[in-house]
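*Asks:* Keeping their order, the protein sequence lines are chains A, B, C, D, E, F, G and H.
Start counting the first sequence at 1; every next residue gets the next number (our numbering).
Start counting the second sequence at 1; every next residue gets the next number (our numbering).
Start counting the third sequence at 1; every next residue gets the next number (our numbering).
Start counting the fourth sequence at 1; every next residue gets the next number (our numbering).
Start counting the fifth sequence at 1; every next residue gets the next number (our numbering).
Start counting the sixth sequence at 1; every next residue gets the next number (our numbering).
Start counting the seventh sequence at 1; every next residue gets the next number (our numbering).
Start counting the eighth sequence at 1; every next residue gets the next number (our numbering).
If you are wondering where the hints come from, they were derived from the structure by calculation, not from laboratory data.
Any given hint could be a false lead.
[To be verified] Which chain H residues face chain G? A few, computed with CB under 7 Å, are given here:
no. : residue
1   : K192
2   : P194
3   : L239
4   : K242
5   : I243
Think of the CB as a built atom: it goes at the ideal place given N, C-alpha and C, for glycine as much as any other residue.
What follows is the residue order along each chain.
8 protein chains.
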Amino acid sequence: MPMEPKKPHAILHDVASNKISCEAAMGKGRGELTLDPWRLERTSVGEVVYGQGKTLEQLRLSLEELERHHPVLATKVSPEHGRELQRHFPHGCLWEEAKLFCLGADLLAADPKAPCSDVLVVTGGTSDLPVAREALGTARFFGLGAHLIADVGVAGLHRLEPHLVALRQAKVVIAVAGMEGALPSVLGGLIKAPIIAVPTSTGYGANFAGLTPLLAMLNSCAPGVGVVNIDNGFGAAVLAKKILSRQNDE
Amino acid sequence: MPMEPKKPHAILHDVASNKISCEAAMGKGRGELTLDPWRLERTSVGEVVYGQGKTLEQLRLSLEELERHHPVLATKVSPEHGRELQRHFPHGCLWEEAKLFCLGADLLAADPKAPCSDVLVVTGGTSDLPVAREALGTARFFGLGAHLIADVGVAGLHRLEPHLVALRQAKVVIAVAGMEGALPSVLGGLIKAPIIAVPTSTGYGANFAGLTPLLAMLNSCAPGVGVVNIDNGFGAAVLAKKILSRQNDE
Amino acid sequence: MPMEPKKPHAILHDVASNKISCEAAMGKGRGELTLDPWRLERTSVGEVVYGQGKTLEQLRLSLEELERHHPVLATKVSPEHGRELQRHFPHGCLWEEAKLFCLGADLLAADPKAPCSDVLVVTGGTSDLPVAREALGTARFFGLGAHLIADVGVAGLHRLEPHLVALRQAKVVIAVAGMEGALPSVLGGLIKAPIIAVPTSTGYGANFAGLTPLLAMLNSCAPGVGVVNIDNGFGAAVLAKKILSRQNDE
Amino acid sequence: MPMEPKKPHAILHDVASNKISCEAAMGKGRGELTLDPWRLERTSVGEVVYGQGKTLEQLRLSLEELERHHPVLATKVSPEHGRELQRHFPHGCLWEEAKLFCLGADLLAADPKAPCSDVLVVTGGTSDLPVAREALGTARFFGLGAHLIADVGVAGLHRLEPHLVALRQAKVVIAVAGMEGALPSVLGGLIKAPIIAVPTSTGYGANFAGLTPLLAMLNSCAPGVGVVNIDNGFGAAVLAKKILSRQNDE
Amino acid sequence: MPMEPKKPHAILHDVASNKISCEAAMGKGRGELTLDPWRLERTSVGEVVYGQGKTLEQLRLSLEELERHHPVLATKVSPEHGRELQRHFPHGCLWEEAKLFCLGADLLAADPKAPCSDVLVVTGGTSDLPVAREALGTARFFGLGAHLIADVGVAGLHRLEPHLVALRQAKVVIAVAGMEGALPSVLGGLIKAPIIAVPTSTGYGANFAGLTPLLAMLNSCAPGVGVVNIDNGFGAAVLAKKILSRQNDE
Amino acid sequence: MPMEPKKPHAILHDVASNKISCEAAMGKGRGELTLDPWRLERTSVGEVVYGQGKTLEQLRLSLEELERHHPVLATKVSPEHGRELQRHFPHGCLWEEAKLFCLGADLLAADPKAPCSDVLVVTGGTSDLPVAREALGTARFFGLGAHLIADVGVAGLHRLEPHLVALRQAKVVIAVAGMEGALPSVLGGLIKAPIIAVPTSTGYGANFAGLTPLLAMLNSCAPGVGVVNIDNGFGAAVLAKKILSRQNDE
Amino acid sequence: MPMEPKKPHAILHDVASNKISCEAAMGKGRGELTLDPWRLERTSVGEVVYGQGKTLEQLRLSLEELERHHPVLATKVSPEHGRELQRHFPHGCLWEEAKLFCLGADLLAADPKAPCSDVLVVTGGTSDLPVAREALGTARFFGLGAHLIADVGVAGLHRLEPHLVALRQAKVVIAVAGMEGALPSVLGGLIKAPIIAVPTSTGYGANFAGLTPLLAMLNSCAPGVGVVNIDNGFGAAVLAKKILSRQNDE
Amino acid sequence: MPMEPKKPHAILHDVASNKISCEAAMGKGRGELTLDPWRLERTSVGEVVYGQGKTLEQLRLSLEELERHHPVLATKVSPEHGRELQRHFPHGCLWEEAKLFCLGADLLAADPKAPCSDVLVVTGGTSDLPVAREALGTARFFGLGAHLIADVGVAGLHRLEPHLVALRQAKVVIAVAGMEGALPSVLGGLIKAPIIAVPTSTGYGANFAGLTPLLAMLNSCAPGVGVVNIDNGFGAAVLAKKILSRQNDE
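Take these sequences, add in the hints, and give me the full structure.
*Replies:* Below, the structure written as structure tokens:
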């Protein structure tokens, strides 16, 4: 019988007592995985399966175990693994372009409030789309209303204009950009929403696989930009989730 | 007569028409400064004066001009400049340890809700205090309730414990750490609030003046951490401000 | 007739006289390899064959020659080479996941004292397992009792708890972690055993193939952490061997 | 007797014959300096004295010798050296803020065509002014009409607007910016003139003394941006000179 | 009906009014692409399709849409995509070695004025040819007369000599070099034309994929060299276009 | 009344209950310091005061508070602070060359077993002495018998010879070296003791302030070398302490 | 009719007159190659064909053209190209492991004076062999007597001993090493010959593809070590050639 | 009584027997220095005192002790230490600009064969002079005939011409350059002598304190260039000494 993740075990008790960490509760480890089904309760975001470097068997086991507790998402899933997982979990949802697979949620659900969604994912160029989709799918997995605005980089700023009304109403904006990574700075001077910046590894030569936009975003002259790792659309969406769920919290 | 910063000039009009950018309105440049008094309206955070590399005269002029529009903050102010500014603006507020000076606000006001403040600034070690104070003072400048929890780094995790109740109630947590920068990861696994991570240049040798905690924070295994530049306590507080002011927005 | 590796030729005599370095003793070089069968005596750890970049023929020759003196281990052995070596040396022991092959020892022998083994290998995540297994197998090759605790990274610290008794009794702890590499810092604040930290190349983007956890481990705020190269599970186990064999030495 | 720099010795003959390089012509070296008075003829830009790391005596000698051939400029001149040079050459022109000193030209001459000058020097922030002034003074030294537009960085893009008419008429635009270095990208999407980008070492932390804007400018999504070294206002102005003097060439 | 790109809509109006950015004019986005057909008018260089990381479908759509407005070029096109595009657009022009494909221009047209072309593309070695061809083809696409001088690197400087007459008459010189990247410095001391330096990723070991020539070119002791990104022959040609088209501008 | 540090509060209870972290026990914070007097018990090494970046007042307070629990060491103490601390704590022990100050121990006590000490600190050159002394003094502070062998770097390997008997009897060897950092590799091929490698920032140019020996030590071809941060003699001695105290543990 | 490469045209005349650079003499370029057959005369080392990044056709053409002037070597030749060249030039000599192909010399000729050869190539480990062979073959191509001593790295220094007599008689020693690159330092303290150090990309993790031994060799505490690029066995042999041919020069 | 350094103790015996390393012979350590007076015999270059980071007392002691065996040189001597040493050793020779001090030789002796000296030290610019002088003085200390050619960098190549006769007769050329470090490449294409390249930290911005010329020299397209550390004029001269003394060796 699965644990109830919503039971108000505060983390103080989690850490203080032996109850939660008894091996029985932990499912006796299931081989070499040590899952963390209480993370959802502690942090408002349940454990997610990082797919890179995992075997299909490890992916399958993790998803199965965590599904007993709450909906579960796997990221950076290769196309091969994705198709195998879809076969194994026919009720699962695969978004191949975003390298996401999940059980218990719909990664592709359009937001009825779009284009005036709570979360707007904005990209500088077409090549940033896979990372932007990772952010979009993750946001939807966590129940956020999210919408994509693509290809509005700084070389043609007027392309931002038709979207300014939506951008100025958004609760969080996720800016995804490679090259020189200037998009968050430009947005930061135009809107009030907190901006989460995601550098991408788009580019070549002195781009150094995303180092350039990463550094540029950390040095943005528009203050109030929070940066996540290169190509980390997932992390950006989790931060958006935490920002938005803080409102309605006890 | 100063412009009214709260008048609902949307940015669409700012950019679209010549009204706001006429040289008269801009104070005719006042030498080589081009101030941006409408930034408050566009972005919820008014223009702030970055003190590093500015002469005392440039600082004085910028503060004077911006004060006509809204309260104004200067950051990274050297002790010498700080004392000169205090002399010139006797009504100003100087916090030397935080390298902050402001007109129209109180940088040192304790939060009546402390220790259960909306914004908690947490540091790993004593050497991180100057950056933490920059975050604390900036948060207060923008009207946020903020409180400091110092010296609870990962080498003695139990020191976090007496603060867990407050940490779990905070709306935003700013984690300031040098060395290996592990504090945001540990916090990220324990609490629900969004975490803004500030790497500091505390350390030596292979710390590379903050590069190590910067990289560590960007790679945090606890997702949902937004990172700002090394030693950028100011930027962290601005992001906190944007997150919190989003709640009550139209 | 092979040299007797256990004969007490001290290194002073090795270097001082021509006896040990005569070409006859050296096996006349066997092509372009210059083996070092006296290393075991000098350093308590015999020569090990580094498999990366070697041809199958070079691997085979090295193993054959060294086996005349003492049990012999090859590391970083590709799956193809591993299978070929198993075919050539049917008495050998291959651990494919750990990229190890050896003659004269059992890489997979469980420790009867587990989980309270002298050497505990602890990993932050599932992706660190190959490196952890290299450490585990190497430790066993050198006759140490070793046990694995997997997937207890800092994003869910309570997962460490069921293992604290064992961790506090271990003689040496090898902490294997990628991402931000915070595991050794957390362990360093909790236990007395010396900690050997192994950064792994797990991660992406600003992880820079293990540079981030390497730097983080070198900057650990918990003192007394010795760091080895990225992905160098082998070196960590050798250091453990040297620490433990010092006890019973003349 | 000095050589006449304007005599049409083409470089083909300079290199091909021994005439110009005879030691007599070279002034017999004047100690350890080997001046190049024919550079003006070959490259349209005469030899300039790089002031950093030179002693006052070396500066004085170089200026004296080159003045015999053509007007001469010294860059990166420290305030102390500048004042000494002014004393020694009362007819010289010192611009302390730009670290420039010259003989035979006026570094501070306003352009009668301003603000619609051929060369516009644009800065992102106030801290970029010293580098911008180096560009401005160098351009004037070479006889170009040049004008400065300061403090119009991307955090407040509307500040660019009152200058767009001038910017769109300029023949060359020199964009000077630190922080994330986004100014050339934004300009590159708005105007037709070739853009010379100068990263500055303004900033702190992950700015790495100008590395961030340097990389950003090299990766600009607006093509047609030529980048020079960090803080190299001089080089930018020389490139502008070469671009503009190509028009009226034989 | 396509917009007329040559109509004198100044950028002031583009940005100021809603006319150009209405979704209708933008072709309603055509999926996730946001094209910028007015860029030609604003910047004298129309939008170009960056081929790396794009799917064949995205390439095809972008070319089709932009062709309605002006001739269009795609860069960094893989051989496979190149051949597919040639099949789809039989009227297009493919230069496989240069990774270029275009509609509405001839990438391979020899310059009747060669070798005394306005634009000379010079390479240090044979391995720099693909990047040099990208520059050459792009220059031709934009209507410039361009010619190639190959393999005249600094290890045999006399090889430059037969080309000095042409080099000294050129309006712009594009110097393409890998290894130590010294070619622009040597040229910079010999000729009057502005020099655009393109570092290439030719080399190995401490070349670091073009970092060495990039740094060398930025530090050229011959002033007046504008540098573009590693392997960015395209950007160099765009800068040449902007320099040359400034002459005949309104 | 000070807490008794030796009372068997296991870390399990430290973390599990509120007892140790109650604010009363913590001395009510004493301003912004959060001391950790139980660290000695948990980790066999008590809290040490990192002197860099601390004010004299912070140093004084930390030493005073911790002295109530156990002997206490401060590292990286500047000469000025050192002399002030000696004045304030006349019973303290200052070693200026090592930048150490302590209460309750003797940093300069010679080891009666020298030169056959348990811990040998070996340096490559004279410039490595300050870091070696930090290791030596720290080892003595923790009650280890330690001895220094200076200036035996690899450019004159025979200098190692008179020390080989002692080196081969040592329980732990700390190898301190700058330049190319080859000393640990050479020692690692000669002796059985575990080697702790300390890179120093001695050197210039491409040494990059210790980066070169750090990388070299991490890549040592002699396995079993544990590396600590650049210039971190303190950390090396703590690791030695942990290795040696493991022997006599319960 | 080919030029006679041995005719005493001094470089002074090469550069000064138009004779050598006339296009006729240059073979009219043969497509896009500009060969330099006079390099042998100027520099004592003829032009060599760098094979990486060249097509088979370019390789074939270069070899054919240069063979008309002097024996010719190609380096970094892929196995496929090597075999094709052998087929095309049956009189050529291919050394696949060294990635060398030449016309007019024997890459595999043993030195009759070995092991007391003028040039000794020494390697730290087996994985350094390909680079060592490139040095060995290149030395033989240039007519030097050269011999290989393999696998004598610093982890077993006594392995150097049987070779010390030869090493101390060599005229030049080429030390090839990866990992921590300590071999040149150790040799530099033992012998009189000039040492040319070649770092190799052998290693993993923090080796950074040869950066570690490169830095270590540049920082050698044994002075008088000249370093070449990572994996550049060819360059080391050319330097040896230049050192040795200086003796018998006019 | 001092040892006679010239007695033919071969290194084999040095290492093999205890004679030379007995503490008596070593002067019983003289504090913490372990001198190596036999290095001259082993390596043809006696021990030299590296002055950076040493106290005056350490310098004085080292010079005194080594002077008993052979002439002795100290490098990187600060002006203050230099003057103190001159006072203490009135017979010594100080060259302040070169940061050299020696006993038993003349650092300033002109070479009677100049400008056709065996060793030519060539610099790119005036700012490279201090490093060039270190090379020049060191060469003279070791008895080589050496001469300086200053300020002939690649921005004015014809300045090389009057020196080509001397350059082509030199036995070794030391090329000292900062900025883009192209001088060795240009020389390498013109002369036969082996070239030792010394990058200097001259420059700013993306020069990164000599990293740029270091990388450029390592990637020289002119093969046969041996590179030493940034600013290491001393090491270049030692390599020259080793190259030249090889000729007349037994």
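*Asks:* Now tell me if each hint is right for this structure.
*Replies:* Taking the hints in turn, this is what the structure says about them:
no., hint, in the structure
1, K192, "holds, 4 Å"
2, P194, "holds, 4 Å"
3, L239, "holds, 4 Å"
4, K242, "holds, 4 Å"
5, I243, "holds, 5 Å"
Every hint, counting from the list given before, is met by this structure.
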